[in-house]
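Asks: Here's the letter readout for the chains.
Number of protein chains: 2
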Amino acid sequence: MNGHIKPVDLSRASRLVNHGPTVLVSARHGGVDNVMAVAWCCGLDFDPPKLTVVLDRIAHTRSLVEASGKFVVHVPNVAQLQLTEDLGTHSFYDDPGKLAAAGATLFDIPGHDLPFVEGCSAWLACELIREPHIEDAYDLFLGQVTEAWADDRVFRNGHWHFETAGPEWRSLHHVAGGHYYAIGEAMDAVRKPD
Amino acid sequence: MNGHIKPVDLSRASRLVNHGPTVLVSARHGGVDNVMAVAWCCGLDFDPPKLTVVLDRIAHTRSLVEASGKFVVHVPNVAQLQLTEDLGTHSFYDDPGKLAAAGATLFDIPGHDLPFVEGCSAWLACELIREPHIEDAYDLFLGQVTEAWADDRVFRNGHWHFETAGPEWRSLHHVAGGHYYAIGEAMDAVRKPD
Numbered sequence: 001m002n003g004h005i006k007p008v009d010l011s012r013a014s015r016l017v018n019h020g021p022t023v024l025v026s027a028r029h030g031g032v033d034n035v036m037a038v039a040w041c042c043g044l045d046f047d048p049p050k051l052t053v054v055l056d057r058i059a060h061t062r063s064l065v066e067a068s069g070k071f072v073v074h075v076p077n078v079a080q081l082q083l084t085e086d087l088g089t090h091s092f093y094d095d096p097g098k099l100a101a102a103g104a105t106l107f108d109i110p111g112h113d114l115p116f117v118e119g120c121s122a123w124l125a126c127e128l129i130r131e132p133h134i135e136d137a138y139d140l141f142l143g144q145v146t147e148a149w150a151d152d153r154v155f156r157n158g159h160w161h162f163e164t165a166g167p168e169w170r171s172l173h174h175v176a177g178g179h180y181y182a183i184g185e186a187m188d189a190v191r192k193p194d
Numbered sequence: 001m002n003g004h005i006k007p008v009d010l011s012r013a014s015r016l017v018n019h020g021p022t023v024l025v026s027a028r029h030g031g032v033d034n035v036m037a038v039a040w041c042c043g044l045d046f047d048p049p050k051l052t053v054v055l056d057r058i059a060h061t062r063s064l065v066e067a068s069g070k071f072v073v074h075v076p077n078v079a080q081l082q083l084t085e086d087l088g089t090h091s092f093y094d095d096p097g098k099l100a101a102a103g104a105t106l107f108d109i110p111g112h113d114l115p116f117v118e119g120c121s122a123w124l125a126c127e128l129i130r131e132p133h134i135e136d137a138y139d140l141f142l143g144q145v146t147e148a149w150a151d152d153r154v155f156r157n158g159h160w161h162f163e164t165a166g167p168e169w170r171s172l173h174h175v176a177g178g179h180y181y182a183i184g185e186a187m188d189a190v191r192k193p194d
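Line order of the protein sequences matches chains A and B. Going by full-length UniProt numbering, the first sequence opens with residue 1, and the numbers climb by one from there. Going by full-length UniProt numbering, the second sequence opens with residue 1, and the numbers climb by one from there.
Hints may be right or wrong, so weigh each one.
No copy labels: a pair is met if it fits in one copy or bridges any two.
Claimed, not checked - Restricting the straight-line Cα-Cα distance to at most 25 Å, the calculated cross-link-like pairs of lysine to any residue (SDA-like) are:
(1) K192 with G178
(2) K192 with E147
(3) K70 with T164
(4) K98 with H133
(5) K98 with W169
(6) K70 with P193
(7) K192 with T164
(8) K192 with R57
(9) K192 with G31
(10) K6 with A101
(11) K70 with P7
(12) K98 with E185
(13) K6 with T89
(14) K70 with H133
(15) K192 with I109
(16) K70 with D45
(17) K192 with L128
(18) K70 with H161
Derived by calculation from the structure, the hints in this document are not laboratory data. Everything numeric in this text was worked out from a predicted model, so none of it was measured.
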């Protein structure tokens, strides 16, 4: 766990995904770790922070989430473009060596029996909020964020710093096929009184 | 309805929100139209396309969605930064003249009894998929996209063209307060065979 990985206050954790990045979802069960890319991840509540992820039933990682009741949401960055693509298009069911083939390196965070992917911009440890009907009907999973961390080279003091971090730190926003956009220019609106 | 607004094939409609933009949600009931900004909107399925939106119970627009069972998801752009901020921070409950104050102009699309906001990049007409438990417990609403349109100056042939459209067409990605990022640079990963 490198020295740039710093805790994020839970009241600010929703900001890690508020801008709609494509994420990685990892889980562990029965001695097996896996990671998949997920374009459909979304904030659900601020405090305590909750989020939603859509996990297709053909995804092996989904089976680990269902079995263990927990998962990690990661915010990958431009330096991980090909890693993200590979983790989203290859299945453990076809290739149990998928993580190594994609170049994913895992690390542990003490107190969490979960696999974390090195090199991301942020990590959100989540407990599955069980809602069997919507899991079955829509592949939609709800999670409560129990602890969050970010790399302080791109997120610190509760704010993203894409403007000043290098371009390799920008979040990825998947469109279709192998096509993505990086997050772009910062802009501020005037917040007017009610 | 200006001549640049073109239908989007439903099989491609999920691409309109796949990259995680902040959206506008509008609805109509009993002769009242309203629009709110929503950062938490997410794809849910491809074909037929479905999506999720989180609508806080303090939002007047939510009451119109609940009463009418339908809504429009809009993808606003940089030219609409202040409009988006104003629609997200002011409530019809406090100011029934909110739309005019924000400078929102509505238009109709034949066959849809719904209010559409001029100047956006894309519009998705949705029917509410009733799931009362998750609406009540999480403020989470599911919609099936019944028809979609985009402005062909920024989305055409099933693809976003942020790279070649002017910077005013970039989508908005809200972080917190009045702070947003525009979508940025396009990038392609190599899609490797299984």
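Asks: Determine for every hint whether it applies to the structure shown.
Replies: Against the structure, the hints come out as follows:
With identical chains, the CA atoms of K192 and G178 are at most 25 Å apart between copies only, with a shortest distance of 9 Å across copies and 40 Å within one. Taking identical chains as interchangeable, the C-alpha atoms of K192 and E147 are never at most 25 Å apart, the minima being 33 Å within one chain and 34 Å between chains. Within a single copy, K70 and T164 get their C-alpha atoms no closer than 34 Å, and across copies no closer than 42 Å, so neither meets the 25 Å cut-off. In the homo-oligomer, the alpha carbons of K98 and H133 never lie at most 25 Å apart, since the shortest distance is 30 Å inside one protomer and 38 Å across protomers.
When the C-alpha separation of K98 and W169 is checked against a cutoff of 25 Å, the pair qualifies only within one copy, where the shortest distance is 24 Å, while the shortest distance between copies is 38 Å. In the homo-oligomer, the alpha carbons of K70 and P193 never lie at most 25 Å apart, since the shortest distance is 40 Å inside one protomer and 30 Å across protomers. Within a single copy, K192 and T164 get their C-alpha atoms no closer than 27 Å, and across copies no closer than 33 Å, so neither meets the 25 Å cut-off. With identical chains, the CA atoms of K192 and R57 are at most 25 Å apart between copies only, with a shortest distance of 22 Å across copies and 45 Å within one.
Taking CA atoms no more than 25 Å apart as the test, K192 paired with G31 passes in neither setting, with 53 Å inside one copy and 28 Å between copies. Taking CA atoms no more than 25 Å apart as the test, K6 paired with A101 passes in neither setting, with 28 Å inside one copy and 42 Å between copies. In this assembly of identical chains, K70 and P7 lie within 25 Å of each other by CA distance solely inside one copy; the values are 19 Å within and 41 Å between copies. When the C-alpha separation of K98 and E185 is checked against a cutoff of 25 Å, the pair qualifies neither within a copy, at 34 Å, nor between copies, at 28 Å.
For the identical chains of this complex, K6 and T89 are neighbours neither inside a copy (30 Å) nor across copies (31 Å), given an alpha-carbon limit of 25 Å. In this homomeric assembly, K70 and H133 come within 25 Å of each other (Cα to Cα) both inside a single copy, at 18 Å, and across copies, at 22 Å. Taking the shortest Cα distances, K192 and I109 never come within 25 Å of each other, neither inside one copy (42 Å) nor across copies (31 Å). In this assembly of identical chains, the alpha carbons of K70 and D45 lie at most 25 Å apart whether taken from the same copy (18 Å) or from different copies (23 Å).
Proximity of K192 and L128 under a CA criterion of 25 Å is satisfied in neither setting, with 37 Å inside one chain copy and 31 Å between copies. In the homo-oligomer, the alpha carbons of K70 and H161 never lie at most 25 Å apart, since the shortest distance is 29 Å inside one protomer and 38 Å across protomers.
Hint compliance for this structure: hints 2, 3, 4, 6, 7, 9, 10, 12, 13, 15, 17, 18 are broken, all remaining hints hold.
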